[in-house]
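Number of protein chains: 2
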Amino acid sequence: MILPKSKIEFYFEFGSPYGYFASQEIDAIAETFDREVVWKPFMLGPAFKKTGSVPFMEVPLKGPYCVKDWQRMSLYTKTPWQMPEKFPTAVLAAPRGFYWLSDQGKTELAVTFAKAAYKAYFADGRAMWTNEVTADVAEECGIDREEFLQAVQTPEVKARLIEEGQKAIDSGVFGSPFIRVDGEDFWGWDRLSMVRDWLKNGKW
Amino acid sequence: MILPKSKIEFYFEFGSPYGYFASQEIDAIAETFDREVVWKPFMLGPAFKKTGSVPFMEVPLKGPYCVKDWQRMSLYTKTPWQMPEKFPTAVLAAPRGFYWLSDQGKTELAVTFAKAAYKAYFADGRAMWTNEVTADVAEECGIDREEFLQAVQTPEVKARLIEEGQKAIDSGVFGSPFIRVDGEDFWGWDRLSMVRDWLKNGKW
Numbered sequence: 000m001i002l003p004k005s006k007i008e009f010y011f012e013f014g015s016p017y018g019y020f021a022s023q024e025i026d027a028i029a030e031t032f033d034r035e036v037v038w039k040p041f042m043l044g045p046a047f048k049k050t051g052s053v054p055f056m057e058v059p060l061k062g063p064y065c066v067k068d069w070q071r072m073s074l075y076t077k078t079p080w081q082m083p084e085k086f087p088t089a090v091l092a093a094p095r096g097f098y099w100l101s102d103q104g105k106t107e108l109a110v111t112f113a114k115a116a117y118k119a120y121f122a123d124g125r126a127m128w129t130n131e132v133t134a135d136v137a138e139e140c141g142i143d144r145e146e147f148l149q150a151v152q153t154p155e156v157k158a159r160l161i162e163e164g165q166k167a168i169d170s171g172v173f174g175s176p177f178i179r180v181d182g183e184d185f186w187g188w189d190r191l192s193m194v195r196d197w198l199k200n201g202k203w
Numbered sequence: 000m001i002l003p004k005s006k007i008e009f010y011f012e013f014g015s016p017y018g019y020f021a022s023q024e025i026d027a028i029a030e031t032f033d034r035e036v037v038w039k040p041f042m043l044g045p046a047f048k049k050t051g052s053v054p055f056m057e058v059p060l061k062g063p064y065c066v067k068d069w070q071r072m073s074l075y076t077k078t079p080w081q082m083p084e085k086f087p088t089a090v091l092a093a094p095r096g097f098y099w100l101s102d103q104g105k106t107e108l109a110v111t112f113a114k115a116a117y118k119a120y121f122a123d124g125r126a127m128w129t130n131e132v133t134a135d136v137a138e139e140c141g142i143d144r145e146e147f148l149q150a151v152q153t154p155e156v157k158a159r160l161i162e163e164g165q166k167a168i169d170s171g172v173f174g175s176p177f178i179r180v181d182g183e184d185f186w187g188w189d190r191l192s193m194v195r196d197w198l199k200n201g202k203w
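Chains G and W supply the protein sequences, listed in that same order.
Read in order, the letters of the first sequence correspond to residues 0 to 203 in numbering that gives the first Met the number 0.
Read in order, the letters of the second sequence correspond to residues 0 to 203 in numbering that gives the first Met the number 0.
None of these hints come from the bench; they were simulated from the model.
Please note that a few of the clues may not be correct.
In this list, chains with the same sequence are indistinguishable; a pair is considered to hold if it fits within one copy or across any two.
To be verified - DSS-like, lysine-lysine: derived pairs with alpha carbons at most 25 angstroms apart: (1) Lys114 <-> Lys6; (2) Lys67 <-> Lys6; (3) Lys67 <-> Lys166; (4) Lys199 <-> Lys67; (5) Lys166 <-> Lys4; (6) Lys77 <-> Lys202.
Isolated chain G (complex conformation) (with noise of 0.2 angstroms):
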């Protein structure tokens, strides 16, 4: 009897640099490997609360530090970035509108929006920290933009959000990205060689 792979899990929080660097190339490991991938958002300011982080940008010597590697990093993995205007900021109506849809079985289209998510906020600059932009961004996915923004908004929805970031706290998620796969664990976009590495050999 031949055990289906388990999935990788990507935790990731949608006002990341990192996680949205990684978005750009997990799907593509994974499909390397013939692996899915269960994309996570979470929040990361429950995780630094109980961590005693700080969002990078405003911690003295490496928040320069960073800002110079996402430009660099825009070039090594050519990927668009830009600095968003506010930054770093809470974006939730991202999440939340992606655990509404995935809860609906929409699955696919959730992975679609959180894309267009990361894009519009790290590529081309758009306000995603306000529900009406990212209900634009919706929009552009096919999704209906007032019952979108509708959702967004309800307690259910939000709690959701919560509840999901409480459970990979609890798994010992603490960063973004984070991804997890055969009960290993890979902190940052810089790991993920390691994680290629991983999947093609199952050892270290």
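Using the hints, position chain W against chain G.
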């Protein structure tokens, strides 16, 4: 006129596992691309004070992740590893001894000692937080034990390490390992492959 290729500055803290893993690879990387490495130990403590960081081990979620990560990195990079009995802790005689040696022009010996000191702490589980054991390691590298012991306790040598650390921080160094070459900064063991690509291509 051919300008000489600039050197690779390798900043590291002797108590840093990721610095240890990077120290196993940096010389080979440099050699491949016909570069020299300048080894630059510094104390992470003052850098952490500046960035408001604490050692990974003491951070919820991140601590357990790192402990598991170091074990698998040992397998992944084929580098001996054991968690030191006392960790994290101040490892001071090693970087002091390093600058005492290199200030005498014994650069090669200083690097040999640095590698031996890292191995002693992270592979052999020796008490590198003590002057005595660090002097044993120095002796094994052919350094006069008593001279070493005296040197690392002088105010001049202690001040020298503090000065080097301050210069590192002032120049933007905030973690270990931290690699600087051609004005490009790279934080973390995870970035060695990006360092390689930079040295190979000289552009992004």
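Now the hints, each set against the structure:
| no. | hint | verdict |
| --- | --- | --- |
| 1 | Lys114 <-> Lys6 | within (19 angstroms within a copy, 40 angstroms between copies) |
| 2 | Lys67 <-> Lys6 | between (33 angstroms within a copy, 21 angstroms between copies) |
| 3 | Lys67 <-> Lys166 | between (33 angstroms within a copy, 20 angstroms between copies) |
| 4 | Lys199 <-> Lys67 | between (32 angstroms within a copy, 20 angstroms between copies) |
| 5 | Lys166 <-> Lys4 | within (23 angstroms within a copy, 50 angstroms between copies) |
| 6 | Lys77 <-> Lys202 | between (30 angstroms within a copy, 13 angstroms between copies) |
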